[in-house]
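Heads up: the sequence lines are chains L and S, in that order.
Mapping of the first sequence onto our numbering: position 132 corresponds to residue 132, and the numbering continues sequentially without gaps.
Mapping of the second sequence onto our numbering: position 144 corresponds to residue 144, and the numbering continues sequentially without gaps.
Please note that a few of the clues may not be correct.
Covered stretches of chain S (in silico footprint by chain L; criterion: 3 or more residues with CB under 8 Å from a CB of chain L, positions within the stretch not fixed) [as the list claims (entries may be wrong)]:
1. 34-46
2. 76-82
3. 155-161
4. 179-189
Calculated from the structure, these hints are not laboratory results.
All values reported here derive from a predicted model rather than from experimental measurement.
Cβ coordinates follow ideal geometry from the N, Cα and C atoms, glycine included.
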Amino acid sequence: MFEFCADPASLEGISWFACYLTTGKHMSLYWSILTVLSLLLITAPTALLFGFAGASAARSGFAPLRWLGQIYVAIVRGVPDIAFFLFFVIALDQGFEYLRHQALCPDWSEPIRQGNDFIVCKAAKLPLSTAPQWVHEVYGFFLAVITFAIVFGAFAANVLLGAMRAVPQAQLETAQAYGMSRRQVFWRILVPQMWLYALPGLSNLWVILIKATPLLFLLGVEDIVYWARELGGSKNARFTDYPHGDWRLWYFLGLLVFYLAFTYLSERILAKVNRRLSRGQGIVGATP
Amino acid sequence: MKKLLLTAALVAATSPVFAGDVVRMGTEGAYPPYNFINDAGEVDGMERALGDELCRRAELTCEWVTNDWDSIIPNLVSGNYDTIIAGMSVTAERDQVIDFSEEYIPPEPSGYLAMDAGVDVSQAVIAAQAATIQAAFVAAQGWTLVEFATPEETIAAVRNGEADAVLADSSFLEGHANDGLQFLDRKESIGGGVAIGLRESDGELRAKLDAAIQSMKADGSLNKLIVEWEVGSTW
């Protein structure tokens, strides 16, 4: 990156580190931080949407919808995350390819499953094998967002369901007595007030989501932990201009600081949000 | 920036345009000198050089992908990439699930690296990478085995005393035989040579790669690569 990096063997001290920390490989590490942050920023609202839909469905008056909501929450919460991330994603990916295969290659005669192999026609591959690598990475990222949103949506649904039940029944009845319909009561009385009750649970989920991002590597997205492990591993002078011993400890300490700082910042912001939501609320649990 | 191009990507992914055959080469990127990630963040090593040359001879366009060793076979059969070129030895178990090309590195005995040259391996704790021929070998002997997901961790386990010795391909261990780590005299001949893994249904690609490997064996360029990267004996 810098001009003086042309001959790394002659460098020492700060200039060595300046060059070492700006290699293409380290750029991948810095890039992966952005990947993780953007994953969080996209996943959190999506998961909240899933959760809201799940919670609304689970308390619906229409039985099949209610069952659907309850089944979603029960199944996803019950399956270990790692199993979900290993099997569901491959199934989701193959499901997409199967649908595209049916639509794009109707005259394909060979079976899709041949022994262990899963084979769809070339046009149905997702992404196409001709697509550049970054398209594959974006697709993996997209699968990750869906999977994280489904998993965390189920937990959020439970939190929101509890929050909805915590809003005093008397208020809802009063609203009905004023002549509001079920829908009006839900949107005008219940939803605006439930957030205060939901916030502690949701902030918990947010912190767990931050810590769950290393699962990204299971989905083929190279995250911070992958790069820290890769960069920290001992490097032999035969294969690199910057040989060093086992430095994983330092890289993982860096990760520790990153995650701690990030959760600390989140706590501060969530505390602010909590204060803002509590303003003017005369109900139990509100902090003045 | 990449993420902003998401929409463009989805459009591109849904339009069936074919720019010739692209073969996606899957590797681990953590096993020097076979394959590793270089300072620029790209796949490098003996297999990178070999793969690029094979693709040139077979007139294929190749793209390199890295994947965790643990899930490298499942991701091949489900079609995330088309070849495994990751220092993978031919074994009967693997051959039941995937197909192998012609071998490009002859069978090489595996070696032990230990802090103490007098270690009796049958009484010791042996570290090996999970799902490798070495791990299967140690387990079959009934010795004490500790498995790790990456080759790097197996070395670290011996350095910090968690294991007494590590069993792996000698050419990989070569790069770590320093700072007190030394080879034991004992070697183990396990498994076949190293070959490219392919889906069983991919006979056409296999034939192309076989032909390319044969031509590299015939003109000596494969031996040259083996010597240059010190990955074992020549053909």
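Notebook entry, point to check: Tell me, which hint numbers fail for this structure?
Noted result: The structure breaks only hint 4.
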